[in-house]
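There are 2 protein chains.
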Amino acid sequence: MSIKSFLIGSPIESVKEKHERLSKTMGLAVFSSDPLSSVAYGTEEILFALVLGGAALLNYLLPIAVAIVILVAIVATSYYQTIHAYSSGGGAYIVAKDNLGDYPGLIAGSALLIDYVLTVTVSVSAGIAAITSAFPSMKDHAIALCLSAILFISLMNLRGVRESGKVFSLPVYIFIGSLLLLIGASFMKAFGLPRLPYAEIRESGSAIFPVFIILKAFASGCATLTGIEAVSNGVKAFKAPEAKNAGTTLVWMAFTLAILTIGIAYFANHYAILPSADETVLSQLARTVFSKGIIYYVIQFATALILILAANTSYADFPRLSSIMANDRYLPRQLSNRGDKLVFSNGILILGILSALLLVIFKGDTHSLIPLYAVGVFTAFTLSQIGMVRHWVKDRGKGWFKSAIINGTGGAVTGVVLIIIAVEKFSQGAWMVLIAIPLLVYLAKEVNKHYSSVAEQLSLDSCIVDERDYQHHSVIVPISGMQQAVIGAIKYGKALSHDVTAVYVYIDPVETRKMKEKWDERCMGVRLEILHSPYRSVTEPLMDYIDGIREKYPDGVITVVLPEFVPTKWWHQLLHNQTALFLKGILLFKKGVVSTSVPFHLKK
Amino acid sequence: MSIKSFLIGSPIESVKEKHERLSKTMGLAVFSSDPLSSVAYGTEEILFALVLGGAALLNYLLPIAVAIVILVAIVATSYYQTIHAYSSGGGAYIVAKDNLGDYPGLIAGSALLIDYVLTVTVSVSAGIAAITSAFPSMKDHAIALCLSAILFISLMNLRGVRESGKVFSLPVYIFIGSLLLLIGASFMKAFGLPRLPYAEIRESGSAIFPVFIILKAFASGCATLTGIEAVSNGVKAFKAPEAKNAGTTLVWMAFTLAILTIGIAYFANHYAILPSADETVLSQLARTVFSKGIIYYVIQFATALILILAANTSYADFPRLSSIMANDRYLPRQLSNRGDKLVFSNGILILGILSALLLVIFKGDTHSLIPLYAVGVFTAFTLSQIGMVRHWVKDRGKGWFKSAIINGTGGAVTGVVLIIIAVEKFSQGAWMVLIAIPLLVYLAKEVNKHYSSVAEQLSLDSCIVDERDYQHHSVIVPISGMQQAVIGAIKYGKALSHDVTAVYVYIDPVETRKMKEKWDERCMGVRLEILHSPYRSVTEPLMDYIDGIREKYPDGVITVVLPEFVPTKWWHQLLHNQTALFLKGILLFKKGVVSTSVPFHLKK
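Protein chains in written order, with the working numbering: chain A, 2 to 605; chain B, 2 to 605.
Note that these hints are calculated values from the structure, not bench results. Treat each hint with caution, since some may be false.
Pairs involving identical chains hold if they fit within one copy or between any two copies, as the list cannot separate such chains.
Computed list of lysine-lysine pairs in DSSO-like fashion (alpha-carbon distance at most 30 Å, straight line) [stated by the list, open to error]: (1) Lys605 / Lys450; (2) Lys585 / Lys570; (3) Lys517 / Lys450; (4) Lys495 / Lys604.
Produce the complete structure using the sequences and hints provided.
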């Protein structure tokens, strides 16, 4: 308990729950870390895809960036509408479930849950890549650094850190500022100078199908759009008028995202930067423009910080969504319990463990994780927009047709992008997500089916448990010899009923005789029954005996009392109680039988 | 249960235990598979060590083989004496413990337990290497084949296969016969022809300290001696006169081992065979002499079989030794339980799991496992021989001085060899064993200390449990709502005592009011207590309430009755019972409180 309170801090009272309302500047900081941070790897991903087609294709970087910015505009416009329609928070799960039904809702929910895990892994590994780009000697410790970062974020969230607005503002604005500075300085430096040509690329690549490569590069770049829906989930966190403030913040965010994406793509191309496993594209650009001076390091640290903050947003989203889904009985009930700190501790723990696992499996390689990422994002986008169309059609409020057209366009475009991503990235890992989503949906349905069936079985309307008192209570105390723990169990048994029988299983004749003598010496007023066991099994004769009693008292109940050692050290547990545990496991399935452990507290 | 009976078969009655007595020819087969099988890798190990010194040193193979045969003779003579002194089976653990005390006994026991695990891993991987040498295409599946072999042997042993003599004889004699044939054919083929010179070895190696390399090669070759003590452990298995028959068998075995070792070393040298990762030395020799004809395949299969049988001997030795040590309370008690099949099932399972783990960790590489192997063997040898010297000195029977000198020589020689092995092989893995042995000894001592302390605490001579009946019995039923499982728990509670209280923890005001209404509707004759919980914790208010009752009735006992869902599918368990489990865990440490689960059987 003391380790827990050291790590997590003291509990928070229920009545203290309140919402810290965000201003627009604060809101931009809180909700932008995820979408803006993707600028740190978006350009790089496009270049990684293009470089396979040889130097000539690299010049498609800018057009692709423009296409992505157009996509940002479409998606942002769509979500602007969602914000005004669902001002209590309209995540893709809720919008899809409300308007399209359970399955689309579950698909969107599963896609989002998977994505939140991936966001943590991708953001943390990209953040650490920013650090190792600046300090190449730390490259070998990258995975350890990533895991430490995940551990740190998990603990902070378990502690229920609520000062999110304040914590977020500074690094986000430093990041935006330093990147704008980078773009400005790049422009000054490049002013009037011609574009650098790309060096010859050794493997000139299979540029036979440049269209496919360009599509793949576009699909890769779509990772930039992750997190754009965050504002629409958190409308309630804004100061009044909530929807209006959230909407304005979304517009600002989309605008910043557009400028940074285009700016970085343009100058990465201008300075002929090639993607590399050792240094990020952003680091290369910053180094080219500023050398390794203070501004360079500020950019790298701001990048690392905003990426880690982006991971942090998943720590708000994942537990919240999983608790909503758990309340809908699609996920295990434990996910809806608030812990001591008013946070959904189980969701935080699961997110931390899953993202750490992914990180280890993919060895912290951002580049190989991003293909998994975009499928979920665009699945949620598409379902959410289609859900909105349905919403407008049902709603038929003022301007419903225009709104439906906007969301319809958004849904259609993101749907097409989803197909492009799924096809182009299939072999690079998208297949895993395409398997994982239906699997999660299936599991969620099974969980739901189970909970519904249990609720029905537990309902007081059905008459499963006969409420009349038991006619008889037989207590059985299986004993292995005469010792203090057995005496404790028999004493407890006598407190339960007048019909107490001690049962001993006969295996060794000498032991049995000794046992009998000791029993007779010690008169406890309890009958001893000796059962024969030709196969040395303790269980079978005991079960037969219990069955006999059940036949004798069909309306009675039987309690089997077993002594249980409570050791002082946990590993001592391995040295005791196996037979008792085994018996309890079997007795659990016998109707009309309850097994009870009487603890015997060892002193050393 | 049905899976178990399919895999393991039906149980065997206690009275059916009997010993199959072995004739000398049978005995040779049963006890020789371990020592003779080491011929399959002994020569190879020497060559692997020598090849580092360059071609010139390879000619030391034969002198080293002769030194090892001399060592075999010394050790066999020593054990011949042990057989006559300890006719009821004189394993190193017993001899060392009887004559030298607990610690030497535990050191020998630990060394042997480690060795038995290594024997399984080394023998199985060497056996599979014989197969993959013959069929190189199976090389990729080596580890899977090894694991299957371990699984197969484990299952056979769990089934209590007792026909060991019959199963063993044929492959062992085929192995001996085919190797003698190989040596004979090698001789015929080589008759009159000069020895082949070794090919130039690319890395001419660091032959600056040839003595060290030769010592290392000798240390490697000592793996040949493993299993030589087996006969002395199993004297009781022979037909009367047991000691005489066992002694004669030991002499035969040592003689066969000597011939095979010298023969293979001589011709491996004659045909200039170099060690290789892809093909065993024995396979190369057989291929050189017979080409890849039928006789070659017979040799390879016989080698594989005898090696797997050698692994099987550990399945008799490990469970037997661990049950002896468990009876001495040095290992967990479960290791001394005989299963349905009259075998020590837990020992068999542990051996299977540990050896499979080692196999996976070392990727089935025989060569890297053998250095770990020899340390334990020679530790046990040395302690056993020194123990025998002490035995003779105490005993002072006829000819005690001669016997003491023989065992003393054995102990001194094996002691020196132990030091050579530990030093030469330290960096190659022997350090692990040198850490593992003291660790096991320490754990064994701790286990022993714990059991002794528990025995003392349980003893009826001490008065820990007050035998007088409890003055009062309070039953508490914590409830989370009104449903069938709760009604079942309250009904059971009423069978226990007249003082039953249902306890509800107040978290949500609306829920609480609903709950109260439903309770009042349903008159069960039980009082409802509502506890307030400002921090949403269910545990703390409940514990405070229980403490209050304990103060009220200091000589009473409290039973906490919790409903427990028994689901129909195992994974449903994950969806229920967490709160109950958590409460039970806490209640376990509260004195005077017993917690009971009333099973509620879900139907689907």
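Here is what the structure says about each hint:
1. Proximity of Lys605 and Lys450 under a CA criterion of 30 Å is satisfied inter-copy only: 10 Å between copies versus 48 Å inside one chain copy.
2. Proximity of Lys585 and Lys570 under a CA criterion of 30 Å is satisfied in both settings, with 22 Å inside one chain copy and 18 Å between copies.
3. With identical chains, the CA atoms of Lys517 and Lys450 are at most 30 Å apart between copies only, with a shortest distance of 29 Å across copies and 53 Å within one.
4. Taking the shortest Cα distances, Lys495 and Lys604 sit within 30 Å of each other inside one copy (25 Å), while across copies they are farther apart (33 Å).
Taken one by one, the earlier hints all hold for this structure without exception.
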